[in-house]
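Chemist: So the chains spell out like this:
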Amino acid sequence: MSPVRFVERARTAVGSEVARSNRAGAERLAELRDAARRAYPPFEAMRDRARRIRLSTLAELDTHLARFAEQVERRGGHVFFAADATEAVGYVQRVIRDHGVRRVVKSKSMVTEEIGLNRALEASGVDVVETDLGEFIIQLAGEHPSHIIAPAIHKTAADVGRLFADRLGVPYTDDPDELNRIARRHLRRIFLEADLGISGVNFAVAETGSICVVTNEGNGRLVTTAPRIHVAVMGMERIVPGVVELAHMLEVLARSGTGQGLSVYSNIVTGPRRPEDPDGPDELHVVIVDNGRSRALAGETAEILACIRCGACLNVCPVYRAVGGHAYGSVYTGPIGAVVTPALMGMDPWADLPFASTLCGACRDVCPVRIDIPRMLLHLRQVAAEEGTHPFRWVGPGLRAYRVAASGRRRWAAFLRLGGVVSAVVGRSGWIERLPFHGGGWTRFRSLRAPAKRPFRRRWRDRDGT
Amino acid sequence: MERDAFLARARTAARAARLPDVDAGPVPVGPEPDAGDLVEGFVDALGRVGGVAHRDDPAAVILRLAEVHGVAEYLGWDDAWLPSGLGDALRDGGLRRIHHGVPSSAEGRRRHQLGYFDVVLGVTGAEAAFAETGTVVLRSGPGRPRMASLIPEIHVAILRCDDIHPDLSHWAATPEVALGDAANVVFVTGPSRTGDIEMRLNVGVHGPREVHVVLV
Chain A
1 MSPVRFVERA RTAVGSEVAR SNRAGAERLA ELRDAARRAY PPFEAMRDRA RRIRLSTLAE
61 LDTHLARFAE QVERRGGHVF FAADATEAVG YVQRVIRDHG VRRVVKSKSM VTEEIGLNRA
121 LEASGVDVVE TDLGEFIIQL AGEHPSHIIA PAIHKTAADV GRLFADRLGV PYTDDPDELN
181 RIARRHLRRI FLEADLGISG VNFAVAETGS ICVVTNEGNG RLVTTAPRIH VAVMGMERIV
241 PGVVELAHML EVLARSGTGQ GLSVYSNIVT GPRRPEDPDG PDELHVVIVD NGRSRALAGE
301 TAEILACIRC GACLNVCPVY RAVGGHAYGS VYTGPIGAVV TPALMGMDPW ADLPFASTLC
361 GACRDVCPVR IDIPRMLLHL RQVAAEEGTH PFRWVGPGLR AYRVAASGRR RWAAFLRLGG
421 VVSAVVGRSG WIERLPFHGG GWTRFRSLRA PAKRPFRRRW RDRDGT
Chain B
1 MERDAFLARA RTAARAARLP DVDAGPVPVG PEPDAGDLVE GFVDALGRVG GVAHRDDPAA
61 VILRLAEVHG VAEYLGWDDA WLPSGLGDAL RDGGLRRIHH GVPSSAEGRR RHQLGYFDVV
121 LGVTGAEAAF AETGTVVLRS GPGRPRMASL IPEIHVAILR CDDIHPDLSH WAATPEVALG
181 DAANVVFVTG PSRTGDIEMR LNVGVHGPRE VHVVLV
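Protein sequences appear in the order of chains A and B. Position 182 of the first sequence, counting from 1, maps to 182 under my numbering, and the rest follow consecutively. Position 138 of the second sequence, counting from 1, maps to 138 under my numbering, and the rest follow consecutively.
Hints were generated in silico from the structure; no laboratory data involved. Hints may contain errors.
Unchecked claim - Not the full set, but computed from the structure, chain A residues with beta-carbon under 8 Å of chain B:
{"id": "1", "residue": "G90"}
{"id": "2", "residue": "Y91"}
{"id": "3", "residue": "V95"}
{"id": "4", "residue": "A141"}
{"id": "5", "residue": "G142"}
{"id": "6", "residue": "E143"}
{"id": "7", "residue": "L192"}
{"id": "8", "residue": "V205"}
{"id": "9", "residue": "D277"}
The beta-carbon is built from N, C-alpha and C at its ideal position, and this holds for glycine as well.
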């Protein structure tokens with residue numbers, strides 16, 4: 001079990017200001033995606049192709065990875081294969097130490113969150129600045145992102161204005177335009193002076209050794225252009241075979257994430273700056289991270305590695321909409337997080353996340369690669385039950401008791417009569433206002449119809465002879 | 001981890017993966033989109049993403065922008081990568097091109113790049129464009145700094161009408177793509193934007209706040 005269980009975190013989150021603004025943002029993004037889908041009929045067929053690309057690549061992941069690494073090196077880049085978070089962080093720290101780097105700029109990346117890179121670098125005295133506007137706000141506030149593609153979705157302009165006034169020493173304003181200008185000027189100097197830039201990777205192209213970083217703000221370009229050294233950190237599943245597949249995935253990612261035809265900047269980097277190039281980094285390091293991915297790949301959860309981190313499943317999920325990202329307690333949130341977190345990091349302490357779902361299937365309906373998330377949620381629930389990490393311990397005994405009651409005619413009749421007794425005791429008005437113990441969840445926000453005083457079987461037996 | 005051990009572990013995992021069946025092999029590009037007029041399509045799409053298309057003399061467009069913003073210099077690609085005569089016309093119009101070679105030494109690099117801090121105007125060519133999305137394709141190389149389309153407030157790209165393709169996927173299927181030939185290829189679709197504060201659209205957060213494409 002995680003230190004604080006999902007249900008408890010969710011209880012705190014529901015109805016909070018954070019969850020409310022989070023919900024508004026999620027709904028807006030879901031609308032944008034839906035509008036884009038309607039306006040562009042080929043999108044459904046594009047999803048089928050995207051699924052084919054992702055799954056067939058995963059089936060031969062090692063071959064693509066080997067080819068990618070070879071191509072990066074051929075063009076003068078360095079490649080490091082990291083078995084886990086410790087190795088990945090250690091490598092980045094070595095590069096920083098070897099080059100005497102003091103200041104690092106970063107563009108938004110889930111995998112660096114996953115391996116805890118910022119915390120480790122800051123602990124060793126390196127100044128790490130997040131440059132995505134949302135991430136920058138979150139970093140200034142000392143918080144964690146609540147949404148994959150809109151990390152500060154829970155902050156109001158007034159919150160940001162107070163934060164900037166407080167931390168950057170500028171006059172208070174809640175005008176988003178002005179806040180934007182403040183961030184631009186503040187971050188620009190940092191960009192132009194930084195020694196090393198760290199980016200994530202949306203897609204890596206095996207054929208050419210290229211990495212592609214997608215942003216709307218342009219910080220992904222600055223991070224990979226201005227500093228002398230560029231370190232790209234990627235989950236090992238980010239691979240696509242060639243440029244044709246890259247093109248297709250970029251089109252699908254933008255439409256699914258934010259309803260754009262393409263993101264503003266799809267920035268493709270192939271090796272460090274060439275001898276005659278007027279700008280760009282002199283050194284490129286690519287860190288390829290496993291950190292549980294080969295475990296997730298070897299079995300029932302393999303499909304989850306097809307995820308392209310568009311965030312569409314979060315925006316439509318009724319649970320995510322109600323509780324927001326923070327309630328999940330993990331870097332990856334929402335339906336995708338409920339699968340990917342235990343799949344990568346193991347059931348302990350994440351066994352309760354697969355239960356944070358109504359299994360309504362909205363996530364599968366919107367997924368740009370049609371990942372069957374509910375299937376894997378069920379699989380992980382089964383694993384939790386078998387391992388004994390099931391968060392609702394009474395469910396097993398409860399179901400066993402039910403099996404006893406339901407597998408004999410007399411026992412079943414007795415069980416049904418029990419309903420009449422319950423009715424007589426707590427449901428005299430025809431409604432049950434409150435159930436005791438574990439049943440309490442069902443009646444917290446609504447009343448239940450009380451069972452009939454006489455079971456149907458009894459009434460059937462006693463019916464008129466007609 | 002040693003590369004071979006890492007890849008061996010990945011191979012074992014991929015063999016054990018329970019993946020739904022899909023056809024292997026290369027994925028075909030989709031059907032030709034309704035072609036229409038590629039130029040018209042591009043102009044419309046660029047407008048939708050907040051860019052501005054011009055069908056005018058490039059020098060006139062750039063000098064007008066320089067005048068409106070009161071600037072006398074620009075960060076741009078070398079003359080050889082722009083329509084012939086444009087570089088001279090800009091010089092004659094009183095615009096100076098900022099030197100763009102970033103030195104390799106850490107200190108030189110820092111000092112040079114800080115010189116870009118307040119650049120207002122950037123001028124580049126464009127290798128290709130996509131009518132569906134209003135995107136222009138820029139490839140870095142000698143005489144073609146990446147910064148020219150990234151740092152300035154205003155980015156002007158000069159595009160030949162013949163270089164407009166239906167969409168990214170169709171361009172990607174042509175042999176001219178050759179990603180390996182350049183350290184950087186970027187697809188630019190309108191001005192830099194963010195929705196990070198209250199989901200309200202805001203332009204020019206890190207990159208240019210205005211993107212102008214001059215069709216020639």
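Chemist: Decide, hint by hint, whether the structure agrees.
Modeler: Verification of the hints:
1. G90: Violated, because the Cβ-Cβ distance from G90 of chain A to chain B comes to roughly 11 Å (cut-off 8 Å).
2. Y91: violated, 10 Å
3. V95: violated, 14 Å
4. A141: violated, 13 Å
5. G142: Nearest chain B Cβ about 17 Å off; hint violated.
6. E143: This hint is violated: E143 of chain A lies away from chain B, its Cβ roughly 14 Å from the closest one there, beyond 8 Å.
7. L192: holds, 4 Å
8. V205: Holds - the Cβ of V205 of chain A comes within 8 Å of chain B, reaching about 7 Å at its closest.
9. D277: holds, 6 Å
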